[in-house]
Amino acid sequence: DGGITQSPKYLFRKEGQNVTLSCEQNLNHDAMYWYRQDPGQGLRLIYYSQIVNDFQKGDIAEGYSVSREKKESFPLTVTSAQKNPTAFYLCASSIGLAGGRAYEQYFGPGTRLTVT
Amino acid sequence: QKEVEQNSGPLSVPEGAIASLNCTYSDRGSQSFFWYRQYSGKSPELIMFIYSNGDKEDGRFTAQLNKASQYVSLLIRDSQPSDSATYLCAATYNSGGSNYKLTFGKGTLLTVNP
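Protein chains in written order, with my numbering: chain A, 1 to 116; chain B, 1 to 114.
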């Protein structure tokens, strides 16, 4: 079964702790993305990677870090420097860019992070 | 700042009616447009994508694109209560070189009343 998995579904942490969110895909997609969603807000891009061992900052990268050592995996670390980490975190993947157009993104089920 | 604007709603339609969802985008260079459906507490699910001016139909859904007016719409025919969700519009923009990003609107909440 092809798809995107994110774990855990719910995560609770104390303020000041770093936490890593997992994202794995078996769709053989080159591009992977991390978004956060806050109530009443659209999705905001944190980081994205269009190829292994390369990634780019999105619109709200401060306080986050990523790695892309394998095509299938794109973990996101929420550091203690992120001022408002409580949010719904969504990972997505895509074929990427081909033939001059950007292909559709498919989302994982999300991780709901609560920091107190 | 690239923007995608949607009416937040809620848009309320009776069962069996046509629901019309609208979206405008600011980047004239945007090439690809997507509609996602998001149920409460769940992740977005891709419904339609469109790249060319005109209409694209898939079952009960029709996406319409007008690049001159920078306008995208989604029509849902024979609306069902199960269509009640938030609909997100997204547009691509070139962030430099071969890097393309999606900008999402905040979504329109659709309620289909039985």
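Quick caveat, the hints were computed from the structure, so don't treat them as lab data.
In this text, a Cβ means the ideal position worked out from N, Cα and C, and glycines have one as well.
Fair warning: there could be bad hints in the mix.
Over 12 angstroms on every C-beta distance to chain B, these chain A residues come out as not near it, computed from the model [stated by the list, open to error]:
(1) 15
(2) 50
(3) 65
(4) 105
(5) 111
Selected chain A positions facing chain B (Cβ under 7 angstroms, derived; list incomplete) [as the list claims (entries may be wrong)]:
(6) 43
(7) 57
(8) 60
(9) 61
(10) 63
(11) 72
(12) 75
(13) 90
(14) 95
(15) 98
(16) 107
Evaluated hints:
1. 15: Check passes; 24 angstroms lies beyond 12 angstroms.
2. 50: Residue 50/A is in fact no farther than 12 angstroms from some Cβ atom of chain B, at 7 angstroms.
3. 65: Check passes; 19 angstroms lies beyond 12 angstroms.
4. 105: violated (6 angstroms)
5. 111: violated (10 angstroms)
6. 43: Given a least distance of 4 angstroms, the restraint on residue 43/A holds.
7. 57: At about 10 angstroms, which exceeds the 7 angstroms cut-off, the nearest Cβ of chain B leaves the hint on residue 57/A violated.
8. 60: This hint is violated: residue 60/A lies away from chain B, its Cβ roughly 12 angstroms from the closest one there, beyond 7 angstroms.
9. 61: Constraint on residue 61/A not satisfied, violated at 12 angstroms.
10. 63: violated (19 angstroms)
11. 72: Not OK, violated: residue 72/A not within 7 angstroms of chain B, min 19 angstroms.
12. 75: violated (17 angstroms)
13. 90: Result: holds, 6 angstroms to nearest chain B Cβ.
14. 95: violated (11 angstroms)
15. 98: violated (10 angstroms)
16. 107: Since the shortest Cβ distance to chain B is 4 angstroms, the answer is holds.
Consistency note: the structure conflicts with the earlier hints numbered 2, 4, 5, 7, 8, 9, 10, 11, 12, 14, 15.
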